[in-house]
Structure formats: C-alpha cells, structure tokens
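Chemist: Each protein sequence line maps, in turn, to chains A and B.
Per the numbering used here, residue 476 is the first one in the first sequence, and the count goes up by one each step.
Per the numbering used here, residue 22 is the first one in the second sequence, and the count goes up by one each step.
By construction, these hints were calculated from the structure, which means they are not laboratory data.
Predicted model only: the values in this text are computed from it and were never measured.
Careful, some of the hints might be misleading.
Computed list of chain A residues with no C-beta within reach of chain B, every gap over 10 angstroms [what the hints assert, rightly or not]:
#1 Glu548
#2 Gln589
#3 Gly699
#4 Tyr829
#5 Leu911
#6 Glu920
#7 Ala998
Below, a list of computed lysine to any residue pairs in the SDA-like style, where the Cα atoms sit at most 25 angstroms apart [unchecked claim]:
#8 B/Lys266 x A/Phe866
#9 A/Lys870 x B/Ala75
#10 B/Lys266 x A/Met847
#11 A/Lys865 x B/Leu283
#12 B/Lys266 x A/Glu840
#13 A/Lys834 x B/Tyr261
#14 A/Lys865 x B/His267
#15 A/Lys865 x B/Asp35
#16 A/Lys865 x B/Arg53
#17 B/Lys266 x A/Gly850
#18 A/Lys870 x A/Ala957
#19 B/Lys199 x B/Ile228
#20 A/Lys870 x B/Gly72
#21 B/Lys266 x B/Thr246
#22 A/Lys996 x A/Thr707
#23 B/Lys266 x A/Thr737
#24 A/Lys585 x A/Pro524
#25 B/Lys132 x B/Asp178
#26 A/Lys865 x B/Gly103
#27 A/Lys977 x A/Val988
#28 B/Lys219 x B/Gly236
#29 A/Lys834 x A/Ala810
#30 B/Lys335 x A/Arg650
#31 B/Lys266 x A/Ser844
#32 A/Lys865 x B/Leu281
#33 A/Lys865 x B/Tyr261
#34 B/Lys199 x B/Asp226
#35 A/Lys996 x A/Phe1011
#36 A/Lys870 x B/Asp77
In this text, a Cβ means the ideal position worked out from N, Cα and C, and glycines have one as well.
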Amino acid sequence: MEKSIDTGTMISETFQRTSLEPATPSAYSDFCHVGPDALVGIKRQQTNPPRWDGQGWQEFAAALRGCGIELRENIAARGAFATDAGGTAYGLPHGVVIARNAVQISSLLKAAQQHRVPVTVRGGGLTTEGESVAFGGVLLDMTGMSRVLHIDTDALTVRTEGGIFWHSLAEELRRFGMDYLSAPLNLTASVGGTLGVGGIDVNSPRLGCSADQALALQVVTPAGEIIECSDTQNADLFQRVILGYGQFGVITEATLKIRRYTPLRMHYFYYDSLRTAIEDMQLLNRNDASDYSGILTIMDCAVNLLVAFDSDEREAAFRANWQSHLRGYGEPGFALCMVRRYVLRPWKLPEAWYLYQRKRELFPEFRRSEYMRDGLMHDRTVVFSRAVWKFWGSKQMVIPDLATSAEKFVDAVERGNAVCRKYFPHYTLYCVGIKLRPEHKPHYEMSCIPPDAEGWAYGCEFEPMIGGQVYSRDYFQSFKNAIYDIGVDLGGSYYRFGGMMKGYIRRVFGDEVVDRHLAMKRAADPAMILNRDVIF
Amino acid sequence: MLGYFKNAFTPRRDHADCSGCSLCLLVCPVWRQSRDVSLTPPGHFKAMQHGTSAADAAASVENCTLCMACEPVCPENIDITGIILELRRQLAAPAWMHGLQARMTEMAGRKAASAPSSSTMLLPDQALHAHPDLLARVVRLLGNNGTFPVSDDSSLDISLALEAGVAIPEQHLQRFLKLLRRLKKIIVADGLLLRHLKQWLPKADIIGLGEALSGHPAVRRGLCTTDLYVIEPRAYHSDYQRLVKHYDRLRVAHGCAFNLDLQRIAIPATARNLPQRLGLTMPNDEGQTRWVLHGRNINRIVVESLEERAVLEKVSNFPVVHLAELVDDGGHAQQT
Chain A
476 MEKSIDTGTM
486 ISETFQRTSL
496 EPATPSAYSD
506 FCHVGPDALV
516 GIKRQQTNPP
526 RWDGQGWQEF
536 AAALRGCGIE
546 LRENIAARGA
556 FATDAGGTAY
566 GLPHGVVIAR
576 NAVQISSLLK
586 AAQQHRVPVT
596 VRGGGLTTEG
606 ESVAFGGVLL
616 DMTGMSRVLH
626 IDTDALTVRT
636 EGGIFWHSLA
646 EELRRFGMDY
656 LSAPLNLTAS
666 VGGTLGVGGI
676 DVNSPRLGCS
686 ADQALALQVV
696 TPAGEIIECS
706 DTQNADLFQR
716 VILGYGQFGV
726 ITEATLKIRR
736 YTPLRMHYFY
746 YDSLRTAIED
756 MQLLNRNDAS
766 DYSGILTIMD
776 CAVNLLVAFD
786 SDEREAAFRA
796 NWQSHLRGYG
806 EPGFALCMVR
816 RYVLRPWKLP
826 EAWYLYQRKR
836 ELFPEFRRSE
846 YMRDGLMHDR
856 TVVFSRAVWK
866 FWGSKQMVIP
876 DLATSAEKFV
886 DAVERGNAVC
896 RKYFPHYTLY
906 CVGIKLRPEH
916 KPHYEMSCIP
926 PDAEGWAYGC
936 EFEPMIGGQV
946 YSRDYFQSFK
956 NAIYDIGVDL
966 GGSYYRFGGM
976 MKGYIRRVFG
986 DEVVDRHLAM
996 KRAADPAMIL
1006 NRDVIF
Chain B
22 MLGYFKNAFT
32 PRRDHADCSG
42 CSLCLLVCPV
52 WRQSRDVSLT
62 PPGHFKAMQH
72 GTSAADAAAS
82 VENCTLCMAC
92 EPVCPENIDI
102 TGIILELRRQ
112 LAAPAWMHGL
122 QARMTEMAGR
132 KAASAPSSST
142 MLLPDQALHA
152 HPDLLARVVR
162 LLGNNGTFPV
172 SDDSSLDISL
182 ALEAGVAIPE
192 QHLQRFLKLL
202 RRLKKIIVAD
212 GLLLRHLKQW
222 LPKADIIGLG
232 EALSGHPAVR
242 RGLCTTDLYV
252 IEPRAYHSDY
262 QRLVKHYDRL
272 RVAHGCAFNL
282 DLQRIAIPAT
292 ARNLPQRLGL
302 TMPNDEGQTR
312 WVLHGRNINR
322 IVVESLEERA
332 VLEKVSNFPV
342 VHLAELVDDG
352 GHAQQT
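Required output: the full structure, derived from the provided sequences and hints.
Modeler: Rendered as structure tokens:
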C-alpha cells in the first residue's frame, strides 16, 4: 500500500511538471501503465456514443437476405472494423455489408429505415474521432465499390465509384498519363469519404479542397432513393452531400476533374519561426507564386516550407520574382542557424540531437532514388503518405486541427502550438491554404470551411508523435479540447469535424444554422439511421 | 550501407502492431479480386487483435497468394508472410500433405548429395523443371562460371512445404542446407524459397533468377523501350530495398515499362490462392492479368516467371518471352 502511494505521488509530480514544461512521456510509462490524467482528478469525459441496443436486428437481417444482400455476422468480418485510424474509439457492428452497387445500397437503406437500424458508412476508415466505427447496427464497407468507370482525357474528367481509394484512382489515371487534381496526402483515403469532409493537398492553395473537384455525384439518400446530382441538377442535395459528413446520402459514384500528370520541381525552405514561415506561405498564395505550398514542422523552431511547381516556366517565374522575398534558409544556411542557436543554449543539446536524428531519418525518405528523376519528384502522394505512416503513424493517432480565415491563422497556429508543447514532447504541425470558390459558398455552410473566410481558408493539423508511449484517452481528449477551444474562440472551424467532436458544433456554428441542418436531416433521414452520432 | 544494416537488424513485428493504415491493401491482389477487407492482412490482423482465432481467419489465410507485396509497404515492419505461413501451419492439414511430409522424411534418411563441382548453383522451380529446353538455355547463359541445376528435387519439396505450411523435417532441411553451404552463390527461381534461404543462410550470396538474368549483359541488350517487363513478385519483394534500385537502373538504361505500381511494388500477373496453386481448384486470375496490361502501350511482354508467361499468353495479344529467350544460342541479344 505504501509503495503504491509513493508511486502515485511521483506520477502526480511528473504531471505537474508537464503543465509547465513537457517531460518525456516515458516518465509516465516507467511508473504506471495508466495515463497520468487518470490519477490526478481530471474529470473523465465520455466520448463513445452508446451502443445501439439491437432491437429489430433479426428482422432487418432477414429483410436483407430476402433482397439477396450478403450480410456478414461472423467475428472475422466484424472485427476487421473494430476501430478507425484514430484507434481511440472501439465498437463492433452487428453485421457488415460490402457495398457492390447503388441498387444494393438502396435496398439496404430502405430496410434500415423500416427497422430503424443504424448504418455506418466506411471508406478508408481514416477518421480519428470514431466517425467510421459502428457502435452496433450495420457497417457498410464502401471499398467494395472501387471501380473506375470512365476516363475522358479530352474533357479531363473521370467517373468513378465512391469507395475507391485516391491512390487506386491515381494508379488507373496514370496508365493514361493523367492525375487527379488534389487529394489528401494519404494513400488510403477514399473518394466518397473525402468529398464528404473536404480533403486538402499541397496544391489546395491553388486548386481548392478535394470536395471542390467534384462535378457530379450519384447519391443514395438515407431513404434509399438513387439520385444524380450536381450544381445544376438536384443542386440542393449536391450542396448538402458535398462536405456534409455523410449525413445526407451515400456517394456511390462521382465525376471529378482530372489533369495531365506532371512531376514536381521541389524546393524546401527552413525557418526557425512559425510566424515567419506562415507569413511567407501566405505571401506565395496571395500572389499565385507557386503551384504547391505547405508547412511541415519537425519542431516549432525547425519549420519546413515546401514550395513546388508543375513546370519549368512557373519555377523560373518564382525564382525571378518571389524567391528573394522568402525569409527561409536553404539546408546549409539553416544548419548554421541551428548551430548558432544551440551553441548559445548548450542546455538544449538533447533538443539539437533530436533534430539531427529526425533529419537523418526523414530527409532520405523524401529523396528516394526511385521517386526522383532528373531532380523531379514523381508520385508525391506516395512519397509523403509512406513517410507519414512510417514516421507519424501508430495504433493511436490524435490529430485535432483548426481552420480559420487567413487573417486569424498565425494566431491560431501559435496558440495551438503552445497547447502541443504543454501536452507532448514532440509533435508535428501541417499547415496548408485552401483556395475558396465563391460559387461553392452553399457547399461550405456548416463545414470545415470557416464562415468568415474569404479567398483562402487555412488549416493546421496538430499531430503529437505518440510512438509506443501510453496515454489515456482522457489525456488525448483534454488535448483535443484545448485545441478545439481555440477554434471556438477565434470563430474558426475544423477539418476533422464530427464523431467525438459533435459537442462542438453548436458552439462553433450557433443554434440557428445547426437547427436548420438538423431539420433537413430529419426530413431526409426520418429514422436518423445514416452515420448516426457523427454530427447529430 | 549503414541504412542496410539498420534495416537488416530491425526486429520484425507481429499482428498486434498493425495500425490498420491499409497501405498493404492497396497492393494486395486478393483485395483487388474480392474487395473484401476481411481476406487481407489489415482485415485479419485487426480481427485477430479483437479475438479471432486462426480458424476464424482460415479463409484469409488460405486465400493469400504469398506474393509478399504487402511486406515492403508496411510501415510497422510486420512479418506478414511469416504470420500467414504460421497460421497455415496451425490449420488442419489435408491428407495429401502427410504424403509430402513422409517423402521428405524418407529423403532425409538418404545419403547426402555429393559436393557440387561448381561454386554457383541454380535452384529451378517446378515450372522451369517442366521446360527442360528453357532450363538448358538458362544454364548455358548463367553457366559461364560453372552454374548447374540441382540434381535432386529436394528444393521442390521444400518449396511446396513452405507454400502449404507443412513442417519440414529438420534432418531433411539440414541435409539440403549442408549442400548449399559449400557454395559461393545460389540462384533461386522460386521467390518463397529465396526468402527462406536468406533467413536460413544469412551469410550466403543468394539472388533470384530474374535478377541474375536481368543482370546479364546480353539479356539487357535484348530489352527495348516498347517492352513490358514483368518482374516476378516474390523474389522482388523479398529483397525489395535492393531490387527496387536494380530495376530502376534497368528502366533508366533501357526505357522499358515494368509491372510496378506507384509504390514501386510489383503487380503480380497471377493471383492464386493455396488450392489453386496446388492444382486442387482452377485458377481464376484473368482479371489480375488484365490489370497488369491495362492501358499499356507496348509491343512485347518479357517475363521472369514461366507461370506468369502462361497466363499472359492466354490473355494478351502480344508476344510473351522469357528473359532467357532474349538471347540466342550463340549468346547474342535477339532482334525484336
């Protein structure tokens, strides 16, 4: 007993230290396998929605089988979907249906309405708030619909099924020398899932979010109707489904803009100040000075501004007109800057060692010879995505984010950075601009796009490096809340809106907007079965 | 070099470490054919993390083609193939497997083969054994330094046992390895055997037949820009970090297209599960073969594997040649 009291005291002291300056998380795990916040009286926060009680499941299952729909209820099929990329929300569906076509999904949704069975739609499962985890009911695995239906290299469009991964779409487009416009830097995001939430790429400052690339959709509504929609056909439905968090229908097919494939001419600029790097990135965006730009940090004093181009002409124009305006260093210049920094602060040498190790591991991954030809980077998404999973991925991923107008962005990132410093010893920030399209304003309502953004919105993801460390879910939730509170305070929004964050929706958008969307949802989905608990 | 040693000594991880990123799903031919996540590594690893047994995952274990494409893309360095093979060993073995085991036990009691007269040896696979003319051509091509095929069929039984998850009698394995330990270089046609030989004989110089032939100057001269070069996936993925550079140099030098996807993973031209590979059921992999050919602007297909040659000949209208056939009997590159 005495020993356990001593341990608790040590942990308590360790946690108190972390609120002032980050201690190493291994300090916690050396003492105890329970996250520190579980022991020092932080109020426990209930985040998982309640499991559906299963009433009417047998009748529903019989109805599906009557329609010839294969429903899998064995543990091997259900267990495959027990969690999402976040790895903090766990739940099992009663059964799994692999999506095969719109008619099948229509029958499924009609039966679900009749028997009031929740339907959770899942693409790549890259949610981090449990949005694609089924807490009972049926899980609809959209990756079963992964075919490319038609590529029009003259009109520069592709028609594809909604469950396809962006990477699989790119594989097929590349056989014809084509590429998508913008997509998440993640190989296993699905097209349908991305159109429902946004999707940002390092070319979003120029081309907008992925959802803006959709020209038309085939949607199965929550009541089971199969409807083609676009900005000119069933526009109301199109506006609600795009950036609609899966509330107003299942995207079964999408027509997207495409373009000719080009490799990238990459430039990296290094900064020791977040503010300066962001200001320079915004300068490039405002002046259309680059085709790609984004910020990725190793630490808040080691910030990388990535700038890239599709053509020699654009690169030459940047060199002639804009490069001299940037205040970042090249690699050797930044190395000297860091030497100077740590010579003057020898007590921070462990930080310098971390930086050096990180550089030694990361940089070769971005310059692998099989992806670099004649100084050009090929297949950037593969390069970045593999690096992301290799160096940032783990069984638990917590990536709260903030989206604000251009004017508020530096403030948002600096405040978010301070929160990260408080909670984790190491973390990464990923910042990118999103070019807005005025004609898509109706799409943006109650979405990741902040209501006050004009011209560009800016997003920042705050990603702690968890590795093999043990943190409690409450600790993660406290961290996320601290980030999300900044968004509320600044009047921003969030890219990863949904799931466990649904409590923030009214605080961000206000009752009038949320109630209006809730009324539309109730009209479209009377039994409220589709993606329950994500938003409403 | 430092990186090589770091990778070589990084411990392999198991299913509990799967984060569910699904990068392996993208390269999995079983997923391409079935679109069923539960039949793929992340599907059954996630299910195993939540309590399913080997028996629950039997369909997934049996359906794996062992192309090994999933291993190089796994950011967690999980020994996916090793786990699949272990699960196969745990599943109930059909009667014919007992015959294989009995044969290997019987072989183990025989006198060891005499010492090879050459410092290099070729271990052909079943398909190459079945094509003696091509085997002779390969031997002639690579035989300048005394290469010759192994004289008994120990390697074929061991390959089959590995594939099917049959335990190899230790005495039989050691008899086989004793012969190989005397060699300076071993050229292996079967990619699964290659993977295991690298583990069993870590100091030996072991390469795949595809790499050996594609490194031959006359063979390289026979390649041209309108060829689709089909890399045999198992050997390639078992030594991916090194071979991705080997084939990239080949691409730069000769301009041919490869069956590589955007992750530089070899797309298998066949997708055969265990019963199909053992000839117990009919293969149904034309969809996979068509995907390799989809949208290609080529005039000829060059293969490393005879199994893939057969299916490509069936599906495509292009001439399909084995690497060894790029060189005539006089040792000169064939004109295309």
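Chemist: All hints, please: hold or fail.
Modeler: Here is what the structure says about each hint:
no.	hint	in the structure
1	Glu548	holds, 12 angstroms
2	Gln589	holds, 27 angstroms
3	Gly699	holds, 22 angstroms
4	Tyr829	holds, 18 angstroms
5	Leu911	holds, 30 angstroms
6	Glu920	holds, 32 angstroms
7	Ala998	holds, 33 angstroms
8	B/Lys266 x A/Phe866	holds, 22 angstroms
9	A/Lys870 x B/Ala75	holds, 22 angstroms
10	B/Lys266 x A/Met847	holds, 12 angstroms
11	A/Lys865 x B/Leu283	holds, 17 angstroms
12	B/Lys266 x A/Glu840	holds, 14 angstroms
13	A/Lys834 x B/Tyr261	holds, 24 angstroms
14	A/Lys865 x B/His267	holds, 23 angstroms
15	A/Lys865 x B/Asp35	holds, 16 angstroms
16	A/Lys865 x B/Arg53	holds, 24 angstroms
17	B/Lys266 x A/Gly850	holds, 16 angstroms
18	A/Lys870 x A/Ala957	holds, 22 angstroms
19	B/Lys199 x B/Ile228	holds, 18 angstroms
20	A/Lys870 x B/Gly72	holds, 17 angstroms
21	B/Lys266 x B/Thr246	holds, 18 angstroms
22	A/Lys996 x A/Thr707	holds, 22 angstroms
23	B/Lys266 x A/Thr737	holds, 22 angstroms
24	A/Lys585 x A/Pro524	holds, 24 angstroms
25	B/Lys132 x B/Asp178	holds, 17 angstroms
26	A/Lys865 x B/Gly103	holds, 21 angstroms
27	A/Lys977 x A/Val988	holds, 14 angstroms
28	B/Lys219 x B/Gly236	holds, 20 angstroms
29	A/Lys834 x A/Ala810	holds, 11 angstroms
30	B/Lys335 x A/Arg650	holds, 22 angstroms
31	B/Lys266 x A/Ser844	holds, 8 angstroms
32	A/Lys865 x B/Leu281	holds, 21 angstroms
33	A/Lys865 x B/Tyr261	holds, 16 angstroms
34	B/Lys199 x B/Asp226	holds, 15 angstroms
35	A/Lys996 x A/Phe1011	holds, 9 angstroms
36	A/Lys870 x B/Asp77	holds, 23 angstroms
Checked against the numbered hints given earlier, the structure satisfies every one of them.
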